[in-house]
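If you read the sequences in order, they're chains Y and F.
For this note's numbering, count along the first sequence from 1 and bump the result up by 1379.
For this note's numbering, count along the second sequence from 1 and bump the result up by 299.
These are calculated hints, taken from the structure and not from any lab test.
Backbone N, C-alpha and C define an ideal beta-carbon position, used for all residues, glycine too.
There are no misleading hints in this set.
Covered stretches of chain F (in silico footprint by chain Y; criterion: 3 or more residues with CB under 8 Å from a CB of chain Y, positions within the stretch not fixed): (1) 396-409; (2) 548-559; (3) 562-568.
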Amino acid sequence: MSKSEVHKYRVSTEDLQQIFKALSSKDYQNIGPIQRDGAIMLEKIQSFDQLAAGFHEDLDKGVYRLSQKNDGSLFQYTVGPQSFKKYLYPPRRKLWAATKTGNGFNVEEGDQPPAKMAFWGIRSCEIRAIEILDRIFLRGEFSNKWYEKARQDLFIVAAGCTKPSGNCFCTSTQTGPAPKGGFDLSVVEVIDKKNYFILEIGSEKGQKLVNKIKLQPASPAEIQNADKLLAASEKKMSKRFDPEEAAKILMENPDHIHWNEVAKRCLSCANCTLVCPTCFCSSTEDITEITGDHTERWLRWDSCFNGDFSYIHGGQIRPTTKSRYRQWLTHKMSGWYDQFDSSGCVGCGRCITWCPVGIDLTEELLAMKS
Amino acid sequence: MFTAQNISPELTVEESSSDIWIPSPYVVADKHVENDDLVTFVYEPASEDILDPMQPGQFNMLYAFGIGEIPISVSSLISDHPRITHTIQNVGAVSKACCNMRVGDQIGLRGPFGTPWPVEDAKFKDVIIMAGGVGFAPLRPVVEFIEEYRDDYGEVNFLFGTRDPHSILFHQDVISLQSDPSVNFQITVDHSFSNWRGNVGVVTTLVEKAEFDPENTVAFVCGPEIMMRYGAYSLIDAGVDEENIFISMERNMKCAIGHCGHCQYGPLFVCKDGPVFLYPAIKNYLNIREL
Ligand SMILES: Cc1cc2nc3c(=O)[nH]c(=O)nc-3n(C[C@H](O)[C@H](O)[C@H](O)COP(=O)(O)OP(=O)(O)OC[C@H]3O[C@@H](n4cnc5c(N)ncnc54)[C@H](O)[C@@H]3O)c2cc1C
Ligand code: SF4
Ligand code: SF4
Ligand code: FES
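Generate the whole structure from the sequences, applying the supplied hints.
If you want it as structure tokens, here you go:
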């Protein structure tokens, strides 16, 4: 959509409920943030009321705390341990199955892609993460058909971040906090006597969906309120790091002594790779029935921190934590540019929050610089 | 991709929506035991689902029912397409299951994948083929190709190093190469037996027995990583331009299509940027431990 066509609307929580219902009636499975086990989780939801309301977070290195207020807010936290990646690229998926026949076997279909999905409250950094996954799974010589189907049918309702967490650094990676494209609808939540949202339509699909809903154009003052919140949000992020400089430092320092320092703390637990919205490594698994006549091939997430990840006959290529951490960070921040023309980090901070020993990659990069 | 009659009908999908994860059914048409732990197989399609023709240096993913899938290079291109030849060393679960297959047994194949040895570009040049152990297998199609177009190449040297006399693979090839006046074939073993009268030592020591004009020589190197590293050094010492040295790398591979991340080597994916690399593209990584 060209700039002149961008219209912004002032919508209420009730209007969002209408949008939610419109998506359901168009056979979309709504998926959004809910509160479970003390964390913001991303789950399939049947009703708008299930969305996590009134939650605020307090994040630090290795720290995740949620609290609840009675302010009726919907998007005043950032991201939990999960990313929407799990719905486009599931942690486990049956690729295919096979049944024995004499000397051979017949191959049968595996898991089918899900019906149409609508992602609610997805943050700008994560939209950029999905665009990165697109490059990996769709833009090469070979395409991941399952991902392709799920992705084609996707409807995105983005939420601008007005209250970044202590671990966010999307201003540095230039991936947020305001969603810039890649969405069908996007909202910025304004907390007021009566909360409202500034809605932006990002695609024809988005326009079509809201056509039947009566929307009230936002006043210049209301738009300004939302813009001010986003500008303030940028200032709140204190972590600084320069992706291009990081790429260079890492490329030039495979033997830096600092890798030994990180290795002393890192547990090789793989948490950071599992929470990261762009980590894409996977393994295959063969599961055979006890009779030996039926077998299934599964694809499951893997991590470069796992021992057998690099195994080739004779031993592991990366037996040490040092070599694994170096692989992770160097790939994400440096090799990624060669492979996919961008950094692999979108600054969401999840790997910092969920590292049990509180390793902060931005600090490690600073340490290597000096 | 699947048009096979022996596959359930609901899987017949349009060409464009073929799933790259699904293997094509092939059967063992011929089996030849090379030595204690190496077997050469010729496979032929079990259906109309046929893989594209392979080039020297490329590989397929071989699937053994219920066990798993492994990358294996094409080891001969003499059998006419759509037949496919692979030579497999029995080192673990999947390779063992593959080696144990008999004529008529079904295997699943995906491919071909990866970069080829640039045999066409090497025409009108001297050639050094340096192989260590099973590294002979991926280089065998190069030898075949050169022999077929022998007049298009200058001096041709084949330097082969292997563990001991018992581990020599492709016996017939070795015998005919030894008696072929158009190829300078040199063989060495790491450990000799009392009846061995040939060279003893690492394969790099054979470079001095090669005949070539360093200014106009292309080298193809395949074997254990350490052998390839020192192999490249010895070729460069002998004056071969590093821009004319090609090396085939090995890494753990699960997908072969750049999606699983397992084969990463610095910023490279061995499965799609390789396995055959120009030496300068990887020389810095060869020196980094545990990369
Ligand atoms: C591009 C390429 C070409 C190859 N060509 C040949 C060939 O022509 N002939 C041949 O005998 N071997 C070849 N190999 C090596 C062959 O793939 C391994 O020997 C095989 O994967 C071992 O699997 P396994 O299950 O029998 O062994 P296990 O030790 O049980 O291995 C367990 C798993 O580790 C992985 N793995 C182990 N060793 C290797 C390895 N060397 N390379 C990659 N993954 C490994 C596999 O995923 C395997 O399933 C090639 C490897 C690559 C990468
Ligand atoms: S590396 Fe860390 S901060 Fe960057 S995208 Fe992944 S989880 Fe988020
Ligand atoms: S950096 Fe932290 S989260 Fe990542 S593997 Fe090491 S200990 Fe686990
Ligand atoms: S083998 Fe999966 S990325 Fe190369």
